[in-house]
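Student: Given next are the chains, with one letter for each unit.
2 protein chains.
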Amino acid sequence: MAVYQEINAPLRTIMTPGPVEVDPRVLRVMSTPILGQFDPAFTEMMNETMVMLREIFQTKNKWAFPIDGTSRSGIEAVLSSVIEPGDKVLIPIFGRFGHLLTEIAERNGAEIHTIHCEWGKVFDQQEIIHEMKRLKPKVLAIVHGETSTGCMQPLDQIGPACRELDVLCIVDAVATIGGTEVKVDEWKLDAVIGGTQKCLSVPSGMAPITYNDRIEKILFSRKKVEKGIATAEDLESIGQPIRSNYFDLSQLQDYWGPRRLNHHTEATSMLYALREGVRIVLQEGLAVRFQRHRLHEKALMEGIKAMGLELFNDTEWKLPMVTCVQIPAEVDGESVRNMLLEQFGIEIASSFGPLHGRIWRIGTMGYSCRKENVLFALSALEGVLIRHGAKLNLGKGLQAAMDVYESVRIMIK
Amino acid sequence: MAVYQEINAPLRTIMTPGPVEVDPRVLRVMSTPILGQFDPAFTEMMNETMVMLREIFQTKNKWAFPIDGTSRSGIEAVLSSVIEPGDKVLIPIFGRFGHLLTEIAERNGAEIHTIHCEWGKVFDQQEIIHEMKRLKPKVLAIVHGETSTGCMQPLDQIGPACRELDVLCIVDAVATIGGTEVKVDEWKLDAVIGGTQKCLSVPSGMAPITYNDRIEKILFSRKKVEKGIATAEDLESIGQPIRSNYFDLSQLQDYWGPRRLNHHTEATSMLYALREGVRIVLQEGLAVRFQRHRLHEKALMEGIKAMGLELFNDTEWKLPMVTCVQIPAEVDGESVRNMLLEQFGIEIASSFGPLHGRIWRIGTMGYSCRKENVLFALSALEGVLIRHGAKLNLGKGLQAAMDVYESVRIMIK
Chain D
1 MAVYQEINAP
11 LRTIMTPGPV
21 EVDPRVLRVM
31 STPILGQFDP
41 AFTEMMNETM
51 VMLREIFQTK
61 NKWAFPIDGT
71 SRSGIEAVLS
81 SVIEPGDKVL
91 IPIFGRFGHL
101 LTEIAERNGA
111 EIHTIHCEWG
121 KVFDQQEIIH
131 EMKRLKPKVL
141 AIVHGETSTG
151 CMQPLDQIGP
161 ACRELDVLCI
171 VDAVATIGGT
181 EVKVDEWKLD
191 AVIGGTQKCL
201 SVPSGMAPIT
211 YNDRIEKILF
221 SRKKVEKGIA
231 TAEDLESIGQ
241 PIRSNYFDLS
251 QLQDYWGPRR
261 LNHHTEATSM
271 LYALREGVRI
281 VLQEGLAVRF
291 QRHRLHEKAL
301 MEGIKAMGLE
311 LFNDTEWKLP
321 MVTCVQIPAE
331 VDGESVRNML
341 LEQFGIEIAS
351 SFGPLHGRIW
361 RIGTMGYSCR
371 KENVLFALSA
381 LEGVLIRHGA
391 KLNLGKGLQA
401 AMDVYESVRI
411 MIK
Chain Z
1 MAVYQEINAP
11 LRTIMTPGPV
21 EVDPRVLRVM
31 STPILGQFDP
41 AFTEMMNETM
51 VMLREIFQTK
61 NKWAFPIDGT
71 SRSGIEAVLS
81 SVIEPGDKVL
91 IPIFGRFGHL
101 LTEIAERNGA
111 EIHTIHCEWG
121 KVFDQQEIIH
131 EMKRLKPKVL
141 AIVHGETSTG
151 CMQPLDQIGP
161 ACRELDVLCI
171 VDAVATIGGT
181 EVKVDEWKLD
191 AVIGGTQKCL
201 SVPSGMAPIT
211 YNDRIEKILF
221 SRKKVEKGIA
231 TAEDLESIGQ
241 PIRSNYFDLS
251 QLQDYWGPRR
261 LNHHTEATSM
271 LYALREGVRI
281 VLQEGLAVRF
291 QRHRLHEKAL
301 MEGIKAMGLE
311 LFNDTEWKLP
321 MVTCVQIPAE
331 VDGESVRNML
341 LEQFGIEIAS
351 SFGPLHGRIW
361 RIGTMGYSCR
371 KENVLFALSA
381 LEGVLIRHGA
391 KLNLGKGLQA
401 AMDVYESVRI
411 MIK
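Sequence order for the protein chains is D and Z. Residues in the first sequence are numbered consecutively from 1, following full-length UniProt numbering. Residues in the second sequence are numbered consecutively from 1, following full-length UniProt numbering.
Everything labelled a hint here was simulated from the structure, so no lab data went into it. It is possible that part of the hints are untrue.
To be verified - What follows is a set of in silico ranges between Cβ atoms, one per label pair, in the way DEER data are often shown:
id	chain 1	residue 1	chain 2	residue 2	range
1	D	G285	Z	I115	57 to 67 angstroms
2	Z	A41	D	R387	14 to 24 angstroms
3	D	P354	Z	G86	38 to 48 angstroms
4	D	E284	Z	T315	52 to 62 angstroms
Built from N, CA and C at the ideal position, the CB exists for glycine as well.
Modelling step: build the complete structure from the supplied sequences, incorporating the hints.
Tutor: Written out as structure tokens, the structure is:
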């Protein structure tokens with residue numbers, strides 16, 4: 001029976017906005033034998049991971065640890081631990097993942113207020129600040145890098161404004177962490193959620209988060225210790241209890257902190273992977289890594305344009321690790337994607353909602369963000385588009401990308 | 001700086017009630033390069049995993065898939081998807097993990113009713129059935145294998161009674177799945193949650209669940225499609241919306257089913273691990289595997305008794321994969337555990353609540369359930385106890401265990 005066969009996965013070139021190729025060094029550590037969750041050798045790795053996550057988030061926050069679930073589990077952990085029923089939450093939406101924030105906040109009983117801008121644009125920061133002044137929400141929840149549209153929302157004025165207006169600023173930086181600046185402290189962001197399967201090049205299954213004492217104060221007011229392990233000193237909470245046990249940050253920080261209070265069983269192999277992934281990021285250095293992402297983005301963009309295709313989001317607010325390409329009118333976008341996968345083993349993405357069928361999204365994230373991947377993707381795209389009858393500037397795309405690589409002197413990986 | 005060192009984990013002999021040693025074949029597949037979540041090669045693996053999970057759960061249920069989180073995430077996914085605020089939920093408690101069920105049900109707004117029995121005992125099934133008749137709850141939530149006390153609750157009468165009384169029977173089989181019978185269909189269990197890090201010998205980080213059409217009917221009544229990806233045909237739900245997005249089974253089954261509606265990004269490497277883990281279980285065969293767990297349990301128990309120690313739970317309701325040992329009055333249980341870890345690299349467990357400091361818990365689960373582990377643990381325990389001044393029948397423990405192994409003719413792994 002087919003289902004009893006061993007795993008025999010094809011090797012792909014993954015140029016989507018995530019999940020992307022995992023660094024082989026990360027894949028290798030996942031084969032490390034398991035340790036018990038309270039084994040001192042393991043708790044030390046947990047602590048080391050926290051130290052390294054703080055560097056990645058550019059923060060001095062006490063708390064920086066992963067949630068054991070995929071990226072949206074990190075978003076839900078933060079939102080469900082902070083939002084009490086009836087709380088006013090402002091969510092500016094500029095793509096699919098803004099809708100996800102409303103979806104999660106709504107289920108936690110928030111009174112939700114949204115403002116929208118056209119998919120493909122971002123907000124003027126003053127517009128959001130103005131809306132906060134008017135609405136006086138408890139929380140602003142906003143996406144940093146919106147992969148569905150390839151746009152990045154500036155936050156450097158929004159964060160400080162939140163602090164001034166006493167609004168909690170919660171940021172989904174799933175797509176941006178490890179690929180471009182996410183200055184948690186400098187931008188005064190109160191809670192930030194990162195993703196593993198994008199620029200960190202770790203498999204999906206963990207969500208690193210960080211939050212400050214403004215968030216922790218809320219957690220303390222809602223704190224609850226499990227009946228099975230509570231002691232007399234564990235008083236009843238005074239705020240409304242958090243609606244989830246699994247995502248209860250007040251319990252999770254007791255597990256990640258010196259008290260080591262039993263909660264879930266930490267996902268050992270995923271923690272190994274995350275620890276190795278952030279170690280590799282710090283070894284490369286944040287500045288060098290961000291520069292690398294910009295370089296390959298540029299080569300890809302120049303290649304696409306020289307080929308005769310149009311970019312959807314060649315703007316100052318473009319997300320550096322996602323390049324959106326307008327699908328030429330004469331070709332079927334899905335047919336092109338399928339041929340890329342079947343003939344070349346290359347995966348690129350389509351999009352959602354109003355952009356479905358209109359753009360392809362090509363990711364240059366983490367370990368997938370390499371010269372050979374960019375050059376291969378450009379060559380393959382040209383070949384497939386010719387096969388689909390598109391009119392192109394033959395041979396130009398690859399040359400333009402190679403020109404970009406030759407024009408720079410920084411180390412190219 | 002220490003935190004930049006590569007992972008260098010000690011190799012442990014893990015004899016706890018989980019997490020336990022992972023099968024090396026499972027560790028190996030975790031190094032397999034990533035596939036995109038909608039890559040046909042990957043969705044086929046998802047489907048194959050569902051087929052194999054059905055066999056493990058001994059069910060014909062349409063739905064059997066993992067939740068991307070640790071075991072309790074599976075419990076929370078089921079309870080939060082089924083329980084609407086105000087629903088009556090009956091929870092019989094015979095150890096710590098019964099409390100966890102109340103904890104999760106409570107946060108979902110359930111009207112909770114508990115019945116208790118002494119830690120170390122289980123319920124007479126008729127007592128629970130009687131209580132259901134009196135209370136008429138919507139849900140019975142109960143633990144199958146309670147690792148905190150080493151006890152296993154019989155369910156073969158409870159399940160059919162639930163069906164007759166139209167109560168939904170939800171079972172936490174985290175500790176038992178893959179190690180002893182969990183007959184989902186025969187016992188008429190409506191939803192069952194398994195664990196990976198115990199008898200399946202897969203790392204913590206996924207929670208396989210299964211549920212039937214009685215549960216699915218509730219999901220349909222509460223169904224909601226995310227705004228970012230909904231189409232006109234996705235009608236609004238009529239029941240109260242599920243309080244979690246991440247744990248919304250109605251959305252998760254659309255992701256695992258043929259519609260493949262985008263939800264989270266499946267945890268690729270963990271899925272590889274789970275697929276390999278269940279493949280290994282089915283290759284061994286359920287009956288042989290359960291017999292193996294019983295054999296090593298017997299060797300361990302005989303060894304412990306011959307040494308002169310007393311078992312806490314040498315009863316007909318003993319959980320086959322957890323053996324609880326009374327800590328002799330003259331020794332400090334934690335000091336013994338520490339010496340076992342530091343000198344022998346062996347991990348055994350303490351317990352919680354009323355049993356804290358009174359018993360050690362020794363697991364014989366999955367890949368950790370091997371002859372050499374049992375013999376090593378017995379030898380080490382004797383050595384450490386002598387070092388702690390305990391009076392023992394010297395040399396007897398190992399001999400008794402070896403006698404057990406010599407007395408059987410089944411294949412010993």
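Student: Which of the listed hints are broken here?
Tutor: When the structure is compared with the hints, none of them turns out to be violated.
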